[in-house]
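Asker: Sequence:
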Amino acid sequence: MRCYKIFLLLLISSVSLGQINEKGLPFVRTFTPEEYDASDQNWVVVQDHRGIMYFGNNDRGVLEYDGKTWRKIAVPNNAPVRSLAVDSLGKVYVGASGEFGYLSPNQRGKLEYQSLTQLIKDSLVNILDVYQIHFHRGYVYFYTVFNLFQYDGTGIKIFNINPNQQFYNYFSFNINNHLYIGSFTSGLREFIDTCAVVAPNGDFFKHANIYSMTPYNRQWANMVTSKGIFRYNQTSGEIVRVKSWNDFYKGAPEEGAVPYNHIVTDKNGLGLSFIYGRNYSFAQTDSLGNAFTVVNTSNGLQDDMIFNLYQNQNGNSPVWLCLNIGISRLDIHSQIRRFSEESGLKGSINFITQYNKTLFVGTMSGVFYKTIDPNGFSIFKQLNEINTTAWSYLHFKDPATGKKRLLIGGTGAVYEVKENLKVINISELPDFKGKIGHVGYSLHQSDCQPSIVFIGGSSLAAMKWERGQWKNLSWIKRDLLQNEFRSINSYRKNELWLATNLNGVTRVTFTDNDTIVQNYGLEDGLPGLKDNLITKIGNMLYFATEKGMYQFNDKTNRFEVARLPKIKGTIDGYGVNRVTEYQNGYAMACYAKDASRWVEIVELRSDSSFNINRKPFSSLPQRWADAIYADDDGTFWIAISTELFSYNSTINRNYDEPFDALIRKVTTKGDSILFEGAFIGELPNGNPIVSISQEQKQMPTLPYRFNSFIFDVASNFYEKEEQTEYSFILEGLDKEWSKWSADPKPIYTNLSEGKYTFRVKAKNIYGDESSIATYSFSITPPWYRSIVAYIAYVVLMALFIWGIVVLNTRRLIAEKERLEQIVRERTAEVVAQKEEIEHQRDKIFEQNEEIKSSISYASRIQGAILTPVETINTIFDDYFILFLPRDIVSGDFYWLTQVGNRKICAIADCTGHGVPGGFMSMLGMGYLTQIVSKDHNLTASQILDQLRAMIITSLHQTGKIGESKDGMDIALYIIDTATGMLEFAGANNPLVLIRDNEVIQVKGDKMPIGIHMRSDVPFTNNVMEYKKGDVLYTFSDGYADQFGGPDLRKFMIKNLRDLMLEVHKKPMAEQREIFNTTLEEWHGDSPRIDDVVLMGLRL
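So in the numbering used here, the last spot in the sequence shown is 1134, and the numbers never skip.
In short, the hints are calculated from the structure, not lab data.
Because the structure is a prediction, the values reported are computed rather than measured.
Do not take every clue at face value.
[Claimed, not checked] Here are the computed lysine-lysine pairs in the DSS-like style, where the Cα-Cα straight-line distance is at most 25 angstroms:
1) K439 x K457
2) K432 x K603
3) K1041 x K1085
4) K798 x K780
5) K774 x K755
[Said to hold, decoys possible] FRET-style restraints, in silico, Cβ to Cβ:
6) K704 x L154: 35 to 45 angstroms
7) L163 x T65: 27 to 37 angstroms
8) T65 x P409: 21 to 31 angstroms
9) R172 x S333: 40 to 50 angstroms
10) T423 x T393: 16 to 26 angstroms
11) L154 x T685: 48 to 58 angstroms
Yeah, the Cβ is synthetic: ideal placement off N, Cα and C, and Gly gets one too.
Whenever a hint applies, use it, and build me the whole structure from the sequences.
Answerer: Structure (structure tokens):
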């Protein structure tokens, strides 16, 4: 112990040289009185076992906050709530002015205040303000400056700890199972059994205010008093001064400041809250009491009086502050800290750099450097000589001395910042074309001639360090380089690479005789033309583009996806606008086409693979990162608009800390509240207590009319809680979870009867998912679908059926008797009618037989007129005829004859079918025989001309409207064996010739044999030379027009031609069988719609 004391004293006696807010300020979330709708002042804050926050308000009772909604829990007389405490079971105890009790859930799960003061039997006891609540040795103690009220679960005992008001008690503390009371007159006292006695060495603190105590370890306690910060051994009474207030304030006294409260942060550091402080409102210290973070009204808080502060035992948790005006939350464990205008910065930031251990920031308003004010606070001051936009910087290395100089590229000039922060203008930049001021967007020291600095502006300029002075050089290829060059770099001594603002990338190559300019764009593999950045890693150049990191391939003269040094794989698929080496990897500012923006670290593994870590930066504003920089101390700086953020990886932060989703309210039809956020458990004595989950007996069963629900959800993750997203599902209805949303609307209407479980989960800004909260309920069927209703339906249905059967039986008996009489009366009539019908049937049968006989006779006549097979066999050797009348008599016919060397064949389709068509066919065959007999030398077309004239004459056709249009379609060809010629004429019907596997269709004229608008036009006589092996087909339209197949469509002429081509080489008899079978299979059970005649002939 002696060694410990000496070591501690040596440490705390040394003057701390650390800066306050060196890395910036923690994120501050402020809750205004308008937001929580209550009084300005809040006195105390705690968190229950569900993660819900509770605040003691000055006149609106207890405020409850769940990350989305504020609620108010009233206490009697709206008394100021001075103290809150949560026991191991999660019960929240309340101490107010003249009142104390606890919060308990009602039947709907709404927390209500339950007073314990009615248990006090002595009506003369004045309760006053209850400043603290302690859980000590199985009891609950409510502390006032005069009395301790001991609650054992059933009754109250009162202990007077300030007899005769002699002790000037202040606050009380429960440390390591010791209950202490601070007394101005007696020092530190301990309550033992029934009275307060002086603690070991407690009189050391006489005439000092003991503001707060916390455990340091199992034997030692931290004490914050008006004399300073101490550590106190609870057994021996040994006292060690950690920090005097003079040392704490670094020699700048805070007159009137009261260190009103404190908590223990990580590594035994303290979080101190002050009232009446000027610079110090909240301070975070190390274990030696050195403040390194201070927050006040000038840098984030809305008020400088902090009455209470709280942090739960989770080391990642924020610190909650109860202010004189409002409530604040500090994310002190975030690895991200922040500087902004309150720190002295001004304007949107363009670059960050470190020079001689000083951090410089270039903005649209000038250049700022980080320094320390007289009170030890880190601030930024502006270099007064640069009051215009600072675009770029360069650490220029003097080629002669190796000394580095900081150059700043501004608007209209380049500046040098000296070691003593003096600024000189080293280069007046001339106007571009005399109109637009040249801007130093980028600076680059030449690799080839280190004394030359290139300046990228609206063109490319240069200046030279020569004999200790800067000298302006001329423009470089000003006629070709007329872009805004935002980035310059090189990796060969004779080359420069320039990234333009909007027009891709340019390479400038310097030769002995010339300067060559080459522009690169989309056609060269560059993913985009704008926002490209050129950076040098090792000895290679890399291009940060809208699709990741790229390199230039000299062999292909194209840009390709790059592999960064030391890692396997590529960084591509999303935009990179800033990149820098950081620790053992890379830091990048990235973006995507959906307008999302983020920062990430590429962490290298031992096997050269990499991990992309974005979690630490999820708390940053989701906007474009204008600059990133890794300084010599390992701090990573990020500039977003006007704010500067630091990332400190040495801060221990667990981003995977579990958290919970919460169901805070369930509303059903008519805004009836079913549940208000607190599930009800039960203590062994039967008293209700807040439970973490819903018990079986709490699952409501609702009538069917209450079948619509609204669920209010929240989460106990309080870092940027407005960005927490939720997903939910209603088991029993939904098939999948809903999409993630930061503003969920779980509304369900018109649910059917059944059992349901609503589940919700949350996802925080780091992408971690919470535990799942559930709420189960069931809906009974409507009365008309209940079991009783179904039984009633069955009974009523049975009675109804029985009644119908009885009535119907009676009706049937009467109807039977009536029908029997009718049957008797009509039997005689039916017998007579039957005899008459049979007589008529026999007569019709006889007539039908006569008609059939007549038609059969007509068929025999037609068959006699058709060219006999014997005759055909004498004319042709290799042929077939498929002749299929639809009825007994056919309207289609074939006619063949031979006159000398001329063989004549006709295939015709007459108007109609059956007997009418048969008459027309006999007329046609007769006329053909007559025409050919009179003149043996007629051409095929002349035969058809005469046939048409004879048909028109015989049918007395004149062309008048309403007159019969009977006639025929015909295909007629003549084969002259002497000349080897083939003649063909057709009326609507074609001739198909197949030669050498090629189908040749000779079309007939589009007019019939009969009256027609073109009756005076002669038929066309088609003449061609035939060859041995030619196959001819003539046919009527009955085959092609036949309906059938799976879709009941026509066979079609094309399919018929294809079939002819397919079978034309087969024997004619086999062809006939194929055509016949194909037709039958095609129409199947469908009726034949027309007569069919098809003739095939092989020459």
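Asker: State, for the Cβ atoms of K704 and L154, whether the hinted interval 35 to 45 angstroms holds or is violated.
Answerer: Since K704 and L154 have Cβ atoms about 41 angstroms apart, the given range 35 to 45 angstroms holds.
Asker: State, for the Cβ atoms of T423 and T393, whether the hinted interval 16 to 26 angstroms holds or is violated.
Answerer: holds (21 angstroms)
Asker: Are T65 and P409 spaced within 21 to 31 angstroms by their CB atoms?
Answerer: Holds, at about 28 angstroms.
Asker: For R172 and S333, compare the CB-CB distance with the range 40 to 50 angstroms and indicate the outcome.
Answerer: Since the Cβ atoms of R172 and S333 sit about 45 angstroms apart, the hinted range of 40 to 50 angstroms holds.
Asker: Is the distance from the Cβ of L154 to the Cβ of T685 consistent with 48 to 58 angstroms?
Answerer: Between L154 and T685, where Cβ atoms are some 52 angstroms apart, the hint holds.
Asker: In this structure, is the beta-carbon distance linking L163 and T65 contained in 27 to 37 angstroms?
Answerer: holds (32 angstroms)
Asker: Has the given pair, K432 with K603, been kept, meaning a C-alpha gap of at most 25 angstroms?
Answerer: violated (33 angstroms)
Asker: Is it true that the CA of K774 sits at most 25 angstroms from the CA of K755?
Answerer: Status holds; Cα separation ~20 angstroms.
Asker: Between K439 and K457, does the CA-CA distance stay at or below 25 angstroms?
Answerer: Holds, because 15 angstroms separates the two Cα atoms, which is no more than 25 angstroms.
Asker: Against the 25 angstroms threshold, does the CA-CA distance of K798 and K780 hold or violate the hint?
Answerer: Satisfied, since the Cα-Cα distance of roughly 16 angstroms is no more than 25 angstroms.
Asker: Please verify whether K1041 and K1085 have alpha carbons no more than 25 angstroms apart.
Answerer: holds (21 angstroms)
When each numbered hint is compared with the structure, a violation occurs for hint 2 only.
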